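**Student:** Sequence:
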Amino acid sequence: MNFIKTTMVMCLAGLACAAPVSAQRNFDNVEITAQQLGEGIYVLFGAGGNIGVSIGEDGIILIDDQFAPLTDKIMAALAELGDGPIRFIINTHFHGDHTGGNENMGAAGAIIVAHDNVRARMSVDQFRKILNGPVAAAAKGAWPVVTFNDRVSLHLNGHDLKAMHVSHGHTDGDSIIHFIGENIIHMGDLFFNGFYPFIDVDMGGNVKGVIKAAEMVLADSDNETQIIPGHGSMAGKADLQAYHDMLQTISGRVRHMIDEGMTLDDIVAARPSADYDDNWGGNQNGINRFIGSVYYSFVKFEG
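The numbers in the numbering used here rise by one with no breaks, and the one at position 69 of the sequence shown is 69.
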């Protein structure tokens, strides 16, 4: 297992990459690296969710902004790519490893855009079962100030970006962002490239929505499409197809076991993902958590 995958597994197995992580880790050694995807379009890798970037004469648009302690490093990386203020930040969902920089960048003048449910989640205290405790509301300065129900478009830097909501996927507030005409798509945490996903069932997530999101992007992709996952390296259509097929197969097995009357403990013991674990899994706790999220996707939403 490579370093990036090991780090991701530890994050998912520990605290599900939620906001409290930033208070419990040292970011001093994190390096922000950039990969160019097109004219004025980049992806930034660091710690937390991958950041999409549009940069040009109108300023900068970011898709997600990782953890708050990384803001200065992110700004330094952007300065290497070009000049201009950060005009807009589009959040793919509300988790802290994707929205942690909102308050810092909002205070500097960026307008934060996200689905309605992102603001709803960030603006109230919540109890997260996966964290076995409460998560405080984000500071008001971190909340999105422009929200949308279904989709919204931005037109800057010669790029046309369309954000489209996916109901009940990784959470209940996920969006896919498509660079129209550029064949580049940012999927946020609807796509974990090379890992079993974290599905936040407590916050409206559902494996069926994650599968639906993959199908939506696959239908709008070709062999040249560049796909930015929420976590992991850059991907293409074949990578997303493999992810979709894995989720479809494992969720089908779990659904069948539920229909047979098996409990969650029975299903975990039966190891319905065993033939995928070497390629997609990490430690056993993380695998069990993934199976549990698939199980509760059916039990919670279907009864």
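Honestly, the hints are just simulated from the structure, not real lab data.
Warning: the hint list may mix true and false statements.
Straight-line distance between alpha carbons at most 20 Å, and here's what the computed SDA-like set of lysine to any residue pairs gives [what the hints assert, rightly or not]:
{"id": "1", "residue 1": "Lys162", "residue 2": "Thr147"}
{"id": "2", "residue 1": "Lys140", "residue 2": "Ala107"}
{"id": "3", "residue 1": "Lys208", "residue 2": "Met257"}
Here the structure is a predicted model, which is why all the values come from computation and not from measurement.
**Student:** Compare the structure with each hint and give your call.
**Tutor:** Here is how each hint holds up against the structure:
1. Only pairs whose Cα atoms come within 20 Å are accepted, and lysine 162 paired with threonine 147 is accepted, the gap being roughly 13 Å.
2. Between lysine 140 and alanine 107, the direct Cα distance comes to roughly 11 Å. Compliance with the 20 Å bound is thereby established for this hinted pair.
3. Taken as a hint, the lysine 208 and methionine 257 pair is honoured in the structure, with Cα atoms around 16 Å apart against an allowance of 20 Å.
In terms of the numbered hints stated before, the structure departs from none.
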